[in-house]
Structure formats: structure tokens, C-alpha cells
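Residue numbers (this note's numbering), protein chains in the order written: chain A, 1 to 490; chain B, 491 to 980.
Keep in mind that a hint or two might mislead.
Residues on chain B that point at chain A, a partial pick, calculated with CB under 10 Å [what the hints assert, rightly or not]:
(1) Thr513
(2) Ala516
(3) Asn570
(4) Tyr573
(5) Lys578
(6) Met773
Derived DSSO-like pairs (lysine-lysine); straight-line CA-CA distance at most 27 Å [what the hints assert, rightly or not]:
(7) B/Lys569 - A/Lys349
(8) B/Lys569 - A/Lys360
(9) B/Lys626 - A/Lys349
(10) B/Lys569 - A/Lys384
(11) B/Lys626 - B/Lys611
Hints listed in this document are in silico derivations from the structure and should not be mistaken for laboratory results. This structure is a prediction, so every number in the text was calculated from the model and none was measured. For every residue, glycine included, the Cβ atom is placed at its ideal position computed from N, Cα and C.
Take a look at the letters that make up each chain.
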Amino acid sequence: MSDTPLHFQTVAELSASLAAGSLTSVTLTEAVIARTLAVEGQVQAFNSHDRASSLEQARASDARRTAGRPLGPLDGIPIGLKDVIAVRDQPLTASSKILGTFVSPYDATVTTRLRDAGMILWGRLNMDEFAMGSSTENSATRITANPHDLTRIPGGSSGGSAAALAAGQLPATLGSDTGGSIRQPAALCGVVGLKPTYGRVSRYGLIAYASSLDQIGPFGRTVEDVAMLLQAIAGADDRDSTSFHTPVPDYRAALSAPRERPWRIGIPKEYFGAGLDPEVAAAVQTAIAHYQALGAEICEVSLPHTEYALAAYYIIATAEASSNLARFDGVRYGHRSAEAETLLDIYFKSRAEGFGSEVKLRIILGTYVLSSGYYDAYYGRAQKVRTLIREDFIRAFDKVDVLLTPTAPTPAFKRGEKSADPLAMYLADIYTIGVNLAGLPAISVPCGFTTAGLPIGLQLIGRPFAEADLLAAAHAYDSAHAWSKRTPNL
Amino acid sequence: MQYEAVIGLEVHVQIKTRSKMFTRAAAGYGRPENTLTDPVVLALPGALPVMNRAAVDAIIKAGLMLGCAIAPVCKWDRKNYFYPDSPKNYQISQYDQPICAGGAVEIELPGPARNVMGEHKSIPLTRIHLEEDVGKLNHGAGGSLIDYNRAGTPLMEIVSDPALRSAEEAYAYLQSLRTSIVYAGISDCDMEKGQLRCDANVSIRPVGETRLGTKVELKNLNSIAFVRDGIAHEIARQLAVVKAGGVIVQETRDYDGLTGTSQSLRSKEMAHDYRYFPDPDLMPVKVDAAWQARLAAELPERPFDRQRRFMAPETAGGYGLPYTLASVLVPDRELSDWFEVAAKLAGPALAQPVGNWIVNDLQRELAASSAALTDAKITPATLAGLVKLIATGTLLQNAAKAVFAEMFSSGESPAAIVDRLGLATAPTDSNELENWCRESIAANAKSVAEFKSGKESALNGLKGPVMKAAKGKANPKTVDETLRRLLASG
Chain A
1 MSDTPLHFQT
11 VAELSASLAA
21 GSLTSVTLTE
31 AVIARTLAVE
41 GQVQAFNSHD
51 RASSLEQARA
61 SDARRTAGRP
71 LGPLDGIPIG
81 LKDVIAVRDQ
91 PLTASSKILG
101 TFVSPYDATV
111 TTRLRDAGMI
121 LWGRLNMDEF
131 AMGSSTENSA
141 TRITANPHDL
151 TRIPGGSSGG
161 SAAALAAGQL
171 PATLGSDTGG
181 SIRQPAALCG
191 VVGLKPTYGR
201 VSRYGLIAYA
211 SSLDQIGPFG
221 RTVEDVAMLL
231 QAIAGADDRD
241 STSFHTPVPD
251 YRAALSAPRE
261 RPWRIGIPKE
271 YFGAGLDPEV
281 AAAVQTAIAH
291 YQALGAEICE
301 VSLPHTEYAL
311 AAYYIIATAE
321 ASSNLARFDG
331 VRYGHRSAEA
341 ETLLDIYFKS
351 RAEGFGSEVK
361 LRIILGTYVL
371 SSGYYDAYYG
381 RAQKVRTLIR
391 EDFIRAFDKV
401 DVLLTPTAPT
411 PAFKRGEKSA
421 DPLAMYLADI
431 YTIGVNLAGL
441 PAISVPCGFT
451 TAGLPIGLQL
461 IGRPFAEADL
471 LAAAHAYDSA
481 HAWSKRTPNL
Chain B
491 MQYEAVIGLE
501 VHVQIKTRSK
511 MFTRAAAGYG
521 RPENTLTDPV
531 VLALPGALPV
541 MNRAAVDAII
551 KAGLMLGCAI
561 APVCKWDRKN
571 YFYPDSPKNY
581 QISQYDQPIC
591 AGGAVEIELP
601 GPARNVMGEH
611 KSIPLTRIHL
621 EEDVGKLNHG
631 AGGSLIDYNR
641 AGTPLMEIVS
651 DPALRSAEEA
661 YAYLQSLRTS
671 IVYAGISDCD
681 MEKGQLRCDA
691 NVSIRPVGET
701 RLGTKVELKN
711 LNSIAFVRDG
721 IAHEIARQLA
731 VVKAGGVIVQ
741 ETRDYDGLTG
751 TSQSLRSKEM
761 AHDYRYFPDP
771 DLMPVKVDAA
781 WQARLAAELP
791 ERPFDRQRRF
801 MAPETAGGYG
811 LPYTLASVLV
821 PDRELSDWFE
831 VAAKLAGPAL
841 AQPVGNWIVN
851 DLQRELAASS
861 AALTDAKITP
871 ATLAGLVKLI
881 ATGTLLQNAA
891 KAVFAEMFSS
901 GESPAAIVDR
911 LGLATAPTDS
921 NELENWCRES
931 IAANAKSVAE
941 FKSGKESALN
951 GLKGPVMKAA
961 KGKANPKTVD
971 ETLRRLLASG
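Required output: the full structure, derived from the provided sequences and hints.
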């Protein structure tokens, strides 16, 4: 048995204890609930939770195990979902007022898969409204704190998922990543976060922000935990036409599979320029040295179109968002303005009251770039840039197995520090956005702390559908350091 | 100055599929409100579209029927606009890559008389594309209610070139288009159920002018007769405006078929900017040669090809039907199929009497008993048997009517009925018949003289007394032969 308190143990450890019979799911779930409630006043990571439902699921899990029929290594382990993934009969808010008291009548495909794996669904986690933001400050429900420094933001948009994990409120969480929304908060909260290849995990039941960029992915304390979680949710889904039929390998087994030749790691020079915090740069350089010490070949590569990524992203993502968010209109569900008397009132007033300012800004921007006469100049060109960015990456992968970069240019910033300046906020995703445009898998792994005690993350980027390789490369570093063991004092 | 009308039609046809265009929810008509829905139909948060292959099959068939080019690759686009009947506030449609391009609809104009075939023309098509239908609004005193049962039903839009020149041509175009679509089993095209809907673009220009005049779009033309009347009304309205020195304004007008009047709905200034862009939730569709070939093999003969074949002489593989029969049989595929089976069993020389029985008697009996052809007890084989009994003289035409009525109500074979009712012409003793014939010739010198001078019909005057003597049961064929033989020898 580990000396670590239950709420800071890894999924792998908990799985072993459950399998050995030294732990029951009810005990574990009660510990998770108790820890959640104990620190939630400080962290504010949860939008909603349902104690009765979670304990019922835990009892069912224990019954399966007693009967000798557990559903797999994750059976009985609690997990929390970003509040943008549908869970049947539970509220779904996207941290927006526009959804009002909406309760989802159906499960997202990932939710179904977690249930099929026996996981206990405990709570829905705070985020930037409709996943638009990098600090979780754009939430209409609450402001989530970074557990390592409560005056700082946890990153975003999946800030609640990263913070709840770092605070010990959950052993595993899911988030979604459109421009860095899993990796950046993972880096800022000192946990592991994976954005899978576009199409690896079904998006059915994920409230769409930017459909061609969105991807659901797991957070865990270790790369091994993330591998176990990806195993449960990956694979084609006939409810999502953009999910792929590429076979799903055994990710956990791949972590320690023998390699035929040393890692070839590319360092994109464009990711180490101006704006990179010196402490972050130093931590990443130390990590590179570690890989070198393990025998990896390190070489510099160039991704020449990197500077256009942010602009292309904000055209494509907002264009898609302006259309995706049109369904939130006060007609069928969600918030309808009490002032509305005519049809146009229902649209204008409900949306004016229901959406926050960042969401409105992006809807307006997206509407503009798609409008007649501007389409070719903005959306059309952005798609061409997107192709060039993807080609940059594919060319780099001719020479290397993975790319290594910082995840975010700075550690967690102070609450309110960048709220007034959207462009400064957008730069928080400067190293993560290209990956979404190219549809690649990428992982953020903790690689140290600043002198002020703030977590730092490194990003590894892999080839399409090469999550097994990517996880193995990340595991080679993570298993030797396990920075996430340095837990916050709450 | 002489003016001509220029008309283009946009026809929407609901495709008859079990499920909707982009989800598994059932498609249908006349069910309780909002029962044919699911998360995708209602555009719940997180729902994603998945293409219905059966609907794509159907539109490819329509394209092949009408001689369109089938695009090897086509894609889906979002047409963005807010209206409560469209749950996503965008419609999935095809903007710049329709699945079918070109093609034509063959039309037949009314002839100078009912029994004379009119002129045939080929009306070129611009395109056919696939999209999803919207829901239905029911406006009441207390507000408006929405029924989403229709929302998401596969809908194809068939756009003609502005090549129609009169209301009659538009009427003929719709008739022909409907027949082809029903023939291919793509839709029932019931306009009362909204399965076929038509908008017309109407303009006028001086004869000889090649540029198009300002067009007016006519909406709510909800029967084929209203399409004809509405267009005729609009042409007259535009001519009156121009002759009074006025100018035609580009606008959308609503035609009320009951009052025969129209009124303006909106002008061009209020036209939408639909902000079309490729739907990121759906993959492009590749239609390869094998897919096309499979559907081409399922296609029926084109209706006007069939009409030509039915009218062609026996020596050219046809049935030699007059236009009056062919034009009634062909538009009804089932009836035509039934005819062809019966005609083949009766033999090609008897095709026309077979056609007559179907068009006159069978259709009358079906209508009188409100029965469908598929439920009829009479079969092509029994009808062929009846026609053969008449042809061989075993059954007289007058008696045959009664036999047919029995066949229709009981399904019994004509031979059995003839037997049971004793209706067969008597197997007359040849000596007796010859005596009656001699008596008739002796008693009717005038008719004999007329016949011998070349008046064929004079023979009837000799047949009457013979039939009378035989109490109506002589085989008319034998009587005819016997009289001719005796007259020739005497």
C-alpha cells in the first residue's frame, strides 16, 4: 500500500488496490467526495456533482468485483468531466448562462465508454465559457483557482479539470482541447494532459466550439494514468463522422515496450523565441538534457509557418463557433429572456443575456469572416495557412519521432492579469495552437517548478495516430521525475 | 412590343427513407408532434450529424434518371440563418459542389386533341443537390408551436435552367419530373403531404432579347395546378406592369391559389447572407464508378421511353398502343408493369384489347371499390385469358363484361366463370349453322348484293338473323367464316 493519501494516488495505484481487494470503490468514492468538499471552497473547480448517483455507481462496481466480473482496470475509479461533455440526467452548462438549467437527456460517447469501463462519474468541472479562453476566468459560474497558488489562474479552458486533479479532488478527469485547452492548464497545474489526434476520440456529446479542432482528452497524474484513460475512450464511433477507424493499440503496454533505436527528438526553433519565460526555458532545456542522457538524438527543426498559426486559428475557430453556437437561441432549451415578446426578442435578448463577452466577441468575429465578400480573404486563406502548417509538421516528422517544446510561454499568471487584453491572453496558447490546426496528438508533462513554486510543463508532439509512441516518449521522462508527486498544500 | 416569359423552377422533393438525412431518428408523416426526434434532430448540445447513405443512393438515382453528371466528390455546407423551424439555425446543404449537375427533364405539351400526342421538349437542369428539411410552425392565437417531425428529412432540390416559356410548360415539367421520381421509387411526391414543393422564378423580356429580365420568386405553390395558375397570373401581372410603363421589382411573392392573387413577401434588400462554409462535422462524399453502376442497374426505364415503346409497332418490339392508352398507362408504373405482364401472356396482337380492359374496366372497378392494384384479385394472367376467350370467339364482348365483373370480385378464372354461367358460344353443329346461314342469305338479297359490291358492313345484316336463330350463342367468328364461304361459292 502506498503512503500517499487516497486522494493523491494515481489511477494505476488505485486500480491495483481495487484489484487486490484492499480498497473498495465505495471507500474510494467517499474519500474523493470528502476531499472535493473539503477543498472546493478554495479551488472552485466543480460546476455540479451528484453524490447519490456516484455512490450508487460505486456500489454497483463493488458488486461486479465481488461477483468476479470487474469491467477492467478502471472499474470503480472516480472521474470528473469538463462541463462540456454530456452526461445523461445531469446538468450541462459549458459554464454559460445560456444553457440555463439544461439537463442532458443523453450520454456523450466518451461518457458511455467510461461507464462501460466501470468508472464512477463524479462531477462536472468548470471551464471557460464554451471552452473559449486560457484562464477559466471566462466562466459564468465561478472562478477556479490554481491549487499551487490560489491567487493565480489554473489555465484554460479546461481549468476545472486540471485544478480538480491537482487539488486531489479527483484521480482522473477529461477535458477538451481546441487550441491548447487540455495541455496549457495541465502545464499550469502540474499534471499530465493529452490531446489525442483529431478523430481518435469521438466528439459526439461534446458541445462544439470549433468542430475541426476540438478533441476530448484525459488528464492524469502520470503518463501511465493518461494511457489507461485514453484506452477507455479512444476508437471509432458511428455517431461521429470525423472519428477514425485506425486500430486502437494497448497504450499502457506500449509505455515500456523495448525500442529498436533511440528516440529522435526535434526541437522547433520557432518555439523558443521572444516571450518565453526564462524559468520555463531553463526547465525545458533540463528536460532536453535528460532525454539526451537517455540516449535520444536531439536535433533542431523548423516549422516556418508557426507565426501565422494564431491568426489562422482565430479565423477558423471563430467561424465554426459562430455557426456552432447558433443553436443556443432560447427556443428549444436553455435560457430564454424573460423580456422576450417577439421572435427577434427571443434571439436577441436571450443571447445578449446568455453569452459572456468573450463568446460574443468570437461569434461576431466568426460571423464577419464568413460574411459575403470576406470569405475568401479570411476563411479561405486561413484554410490554406492551415495546410501549410500541417505540412511543416509532416516534413519535420521525416527526421524525428517527436517534437519537444514548452507547453506554455509562462507559468500561471495572476487572476485578472490578462483579462483586459485578449491578445495577451491568446498568446498563452502560442505553442499549442499549431498542433490543433495540424490535427496532431500532443501531451503536456510536468517538468519542474519555478522558484515561486509554480508548475512548468513540456509539450511532446507526435505523428497522427501515434499516441502509443508519444506516450512512451513522455513516459520515459515522466517515470523518472514524477513531478506531479509535488502536491499543493491545501 | 411582344414579350416572352422566362421561367425557372426550384423543386424540393422529400426522399422516402426510413431514417432522417443525418441521424437514425425515423422519418415519416402524420405522427404525433415531436415524436420523430432525437438529440440530432433537436440540435441538442453536443449532437453530431452522420450522413444517411440511402438518401445519397436516392439522389444519385434521380440524377441518373434525369441524365445528370454525378460528381465524383461532393461535400456538405452549412447555410446559416436564424428561424425556429431550423433547430441548429443552420441547414446542412450543398453549396458549390452539388452531387448532380446538368441533365434534363423531357416534357410533353398538350396536343391539339386529347387523343393526339403533343410536342416533346427537353428542359435542361442546372443541378440537383441534397439537404435537410426543416420543421413546421403552427401559428395560433396563443403563440407559435413547432413540430420537428419533418426536420431533418432528406430533401433534394432540383433546379431547372430558366428554360421554360409558359405556365403550361411548367405544368408539363412538374408532371414529368414527378413521374420520373415516383418511377424510381425515390419519393411518393404527394404535394398535399409536402413531399414535393415548388418555387418558381418568373421574368419577362421582349422577344429577341437574350438577357434575362428582373425575376420574381413565387412561393407557396402547393399543387401542380397552382403552379400553372400562379405562373400564368405572375406573367400577366408583369406584362400589365410593363405595359403601364412600370418596372418589375426583384421580390418574393406569395401566390394564393384559392383566391388567384399574389402579394409581396420581401424585396431583394432583405436578402440573407447565408455565410455558407463547409460543414466540419461531415466528410466529403466520394461516389466511385461501382457505386454508380450498382444504382444504375436498379433504375427503371424512363417514362417517356416507355411511352414510345408502348406506342411502337409490334415489329419494333412495342405493343402498337394508341396514344390514348399509352398516355394513361405509362404515368402509373404499377399499372404499366401489370399491363406488360398481361400483354405478354395474351400475345402481342392482343395488347390493345388488354390495354383497353385495363384503362376502361379495371381502373373503373378499382376506383369504384377504392382498391389498390396490388390488392386486386384479378391478375394479369386471368385478364389475358379473358381477352383470348373473346378473340377466339368463345366469349362474346357483351357477355365478357359480366365475366370481368366476376373475375374482379372473386378472382376466379374466366374459363371457370364462363363455364359456370354457361356463357360460352355454343359449339354449334356445323350443319345447323350452315342452314341458318343459307336461310339468312336467301332472305336478305339486298345485303348480299351490297356485300358483293364491296360493302363489308353489309355482312352484319346477314349475321343478325343467324345469331337470332342461334339464340345469341353462335361463335361469331364461325358465323363470319361460314357466311363468307357460302357467299364466295354462291
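Each hint, compared with the structure:
1. Residue-level restraint check for B/Thr513 holds (minimum Cβ-Cβ distance to chain A is 9 Å; threshold 10 Å).
2. The interface hint given for B/Ala516 is violated, since its Cβ lies 17 Å from the closest Cβ of chain A, which is over the 10 Å cut-off.
3. Hint on B/Asn570 holds. Least Cβ distance to chain A is approximately 5 Å, under the 10 Å limit.
4. Checking B/Tyr573 against chain A: minimum C-beta separation of about 9 Å stays under 10 Å; hint holds.
5. Given the 10 Å rule on beta carbons, the hint for B/Lys578 holds: about 5 Å separates it from the nearest Cβ of chain A.
6. Against a cut-off of 10 Å between C-beta atoms, the interface hint on B/Met773 holds, since the closest Cβ of chain A lies about 5 Å away.
7. Taking the CA atoms of B/Lys569 and A/Lys349, the gap is about 23 Å. The hint holds against a cut of 27 Å.
8. Restraint check for B/Lys569 and A/Lys360: satisfied, since their Cα atoms lie roughly 20 Å apart, inside the 27 Å limit.
9. This hinted pair checks out: B/Lys626 and A/Lys349 have alpha carbons roughly 24 Å apart, not beyond 27 Å.
10. Proximity of B/Lys569 to A/Lys384 is assessed by CA-CA distance (about 22 Å); at most 27 Å being required, the pair is judged to hold.
11. For the suggested pair B/Lys626 and B/Lys611, the alpha carbons sit about 37 Å apart, so the restraint of at most 27 Å is broken.
In the structure shown, a violation is registered for the earlier hints numbered 2 and 11, in ascending order.
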